[in-house]
Amino acid sequence: MSGDRALLDLECRTFARLFTRTPPNDYLLGSYAEAHRNTGKFDPTDRFDPWLLRLARSGSAVARLGDGYARFFAPRSLLRRKLILVLSLVEVTPPYYHDADGTASSSRVRIIVALAFRGLVGVAIAGLGLIAFGPVHLVVRMAGRRP
Amino acid sequence: MSRRVLVVGSGPSGVHFALTALRRGFEVTMVDVGRRGPPPVFPDATFDQLKERLDDPARYLLGADLEGLVLPTREKEYYGFPPGKQHVFASPPGFDYLAQGFEPLFAFARGGLAEVWTAGCYPFNDAELDAFPFGFGDLSPWYDEIADRIGVTGEVDDLAPFMPVHAHLLPPLALDPHSAGLLEVYQRKKSRIQRTCGAVMGRSRVATLSVDRPGRPKCGYLGRCLWGCPTDSLYTPSQTFRELERFEGFRYLPDLEALYFRLDPGGTIQSIVGRSLSTGEHLELPVERLALAAGTLASAKIVLRSVLVATGEAVTLPGLMDNRQALVPFLNLRRLGRPVPETSYQYHLLGMGLTSPNPAEYIHCQISTLKTALIHPIVHALPFDIRTALAITRATRAALGVVNVNFLDTWREENTLSLDLGSGPDRPRLRIAYRPPDDEPVRIRAALGRLRRALRQLGCVVPPGMAYIRPMGASVHYAGILPMSRAPGRWTTTPEGRSRDFPNLFLADGSTFPFLPAKNLTFTLMANAARLAAMMHD
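So the sequences go chain by chain: G and W.
Be aware that the first sequence starts at 1, since it is given in our numbering, and climbs by one per residue.
Be aware that the second sequence starts at 1001, since it is given in our numbering, and climbs by one per residue.
No lab work stands behind these hints: they were computed from the structure.
All figures in this text were calculated on a predicted structure; none of them were measured in a lab.
Using N, Cα and C, we set each Cβ at its ideal position, and we do this for glycine too.
Please note that the accuracy of each hint is not assured.
Claimed, not checked - To be clear about the criterion: a stretch of chain W counts as covered by chain G if any three or more of its residues have a C-beta under 8 Å from a C-beta of chain G, and this derived list gives those stretches:
1) 1379–1386
2) 1396–1408
3) 1438–1450
As the list claims (entries may be wrong) - The list that follows gives simulated cross-link-like pairs (lysine to aspartate or glutamate, EDC-like), each with its CA atoms no further than 20 Å apart:
4) G:Lys41 with W:Glu1067
5) G:Lys41 with W:Asp1065
6) W:Lys1085 with W:Asp1232
Claimed, not checked - Some chain W residues flagged as far from chain G (calculated, every beta-carbon gap over 12 Å):
7) Gly1094
8) Ala1160
9) Leu1183
10) Val1211
11) Arg1216
12) Pro1254
13) Arg1262
14) Ala1310
15) Pro1329
16) Ser1356
17) Ala1433
18) Arg1470
19) Ser1475
20) Phe1515
Whole structure, please, built from the sequences with the hints as guidance.
Structural data, given as structure tokens:
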């Protein structure tokens, strides 16, 4: 296994954990790696991109935190693009797709309470992400502007 | 003159023009790029079954080059373009254009752009045809004819005053529970919705079969419309093309890009020059009558280049039109926590009309509830990290939908097509310049405000910041440029679609429309093309 492939497998395993409890099978890992071979859609666009991605590889909790930050402050970042790729693969691949495109059937009140809770969690993740990644992002951007 | 006609383009206008001409004894030669897509796979499988049965579902649903993957951009598109339909927009080598204020799409597929349409069939009424040199009564028999040819389902309901009822209307498709719920609330509250929002609602009219016809079964509700109906229940022009092939007098020349026509000294078209895409060679075909049905942009380019070749004149044609579209996602609170059906028709089943004191200013909206679809474009559009957004999408999925709002366009001098000769006179590029009318933002804001209020009455909310105004050109409802008129004038066509500049040229596509109502024009394109072919007989 090449170093690149090992890294891609690590990313796929880490990110897939955010969307499905089942570890990725060979097909999912292979499709994820293949996606990087065929397109330029997963090239970094600035110096913050590889830094954020490197941290996100360290665990799904860090990846989620980084994503919460990137949603608002780097929406087209490499980490987000890779997370969306994994989600898109999960939603078309058996046996995972029900984890992504299934519905949560319940009473309306329960759903509304759950939505409110999820929303608060989302806001908290974005806030924590801002504290964790905001200063570095700012420094990288300012360094990039220097002549 | 003998009864021969050369048709450029195999889209909705081209095939129905050709079919009418063939039935009336003409010999038809059709010239076309004619790219074709892959054959359908597992035609009996539902969307989920497809994922299970395909060896490589990611390749089929997302594409070898991830064409169906929707990554974050400034544009909020909620559907990825299906990889199996990429051939529709695959341009020939060397094809290029310049565009300002307009994001055009060009089709090069057999069947044209309607190979990827959502099958909405909306006749224009008298008010919408006011700028045309004929009225609904003249077009009505041709709406009937096209409805019979392609199979249109629908119902005579509150939308009927805004969409004239034609013959051969098949029973409507089965509603999914979400659409049924919306219609049920509308029926209870409609007097209030009509009074306070000026909105009416009813069933979509769609060219998708609800009953079996020879060679085309009724819709199986497989949830695969977007990837291409595997049973041909949803009409596409390539179905009519297959009918053309059964005529002895039909000749098809695919793989040929029509470039320009040549004139004799009297200004009559004597031949058309095309480029073979396989060999790169230029071919010249004799012409007795020429019918351009390549779509507004491509037909205009052929006319512009022909004039350039014949006279050296660089003409600018004014009047390009397109329907501005807005996508308005909504959440139906009554549907929270309900299941989503595994099998369903994927496209719009309901329509909403925003009425106006001036009936020509009616605005048509298509309401699609979320059923089978790839959800990653929705998930990453939500203002949360993706895991949170996925959980929210799962919880709200049965309650989600999107309204596609169409806005009318008018013929205006400033919206032009011309040729750019920067790459040399042998390689002219189409130059498109479009500027929306000054009052557009006000009109859009007012219409979306009324739509939001109507949705609220139906128990739905529009999440803030999620509505999206699509760029001009995205609807692919192009029209204008060589308008039909009663009064003679340069760069106009007669009510019979005959060019006033070239006596044996017929314009059979949207390029002759002098007005573009706020509804899909494809059904009218087909009806008008059939009408013109019938009149060519005389």
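Hints and how they fare:
For the region 1379–1386 of chain W, the stated coverage by chain G holds: 6 residues have a C-beta nearer than 8 Å to a C-beta of that chain, and at least 3 were required. Closer than 8 Å: that is the beta-carbon criterion, and the region 1396–1408 of chain W has 3 residues meeting it against chain G, so the requirement of 3 holds. A count of 0 residues in the region 1438–1450 of chain W with a Cβ less than 8 Å from any Cβ of chain G is obtained; the coverage claim is therefore unmet, three being the minimum. For the suggested pair Lys41 (chain G) and Glu1067 (chain W), the alpha carbons sit about 11 Å apart, so the restraint of at most 20 Å is met.
A C-alpha spacing of about 10 Å is found between Lys41 (chain G) and Asp1065 (chain W), which places the hinted pair at or below 20 Å, so the restraint holds. This hinted pair checks out: Lys1085 (chain W) and Asp1232 (chain W) have alpha carbons roughly 15 Å apart, not beyond 20 Å. For Gly1094 (chain W), the condition that its CB be more than 12 Å from all CB atoms of chain G holds, with the nearest at approximately 23 Å. With a closest Cβ-Cβ approach of about 35 Å to chain G, Ala1160 (chain W) is found to remain outside the 12 Å limit, as its non-interface label requires.
Taking the minimum C-beta to C-beta distance to chain G, about 20 Å, the non-interface status of Leu1183 (chain W) holds against the 12 Å cut. Non-interface call for Val1211 (chain W) relative to chain G: holds, since the shortest CB-CB distance, roughly 31 Å, exceeds 12 Å. Residue-level check passed: Arg1216 (chain W) sits 28 Å from the nearest beta carbon of chain G, beyond 12 Å. Taking the minimum C-beta to C-beta distance to chain G, about 29 Å, the non-interface status of Pro1254 (chain W) holds against the 12 Å cut.
The Cβ of Arg1262 (chain W) lies farther than 12 Å from every Cβ of chain G, with a closest approach of about 43 Å, so its non-interface assignment holds. Listed as a non-interface residue, Ala1310 (chain W) keeps its Cβ farther than 12 Å from every Cβ of chain G; the least gap is roughly 44 Å. Annotated as non-interface, Pro1329 (chain W) keeps its C-beta farther than 12 Å from every C-beta of chain G; the closest such distance is 16 Å. The claim that Ser1356 (chain W) is not at the interface with chain G holds, since no C-beta of that chain comes within 12 Å of its own (minimum 36 Å).
With 12 Å as the threshold on Cβ separation, the claim that Ala1433 (chain W) sits away from chain G holds: the shortest Cβ distance comes to roughly 29 Å. Here Arg1470 (chain W) stays apart from chain G, with its beta-carbon at least about 19 Å from theirs, past the 12 Å limit. For Ser1475 (chain W), the shortest C-beta to C-beta distance to chain G comes to about 25 Å, beyond the 12 Å cut-off, and the non-interface label holds. Residue placement check: Phe1515 (chain W) keeps its beta carbon more than 12 Å from all beta carbons of chain G (closest about 39 Å).
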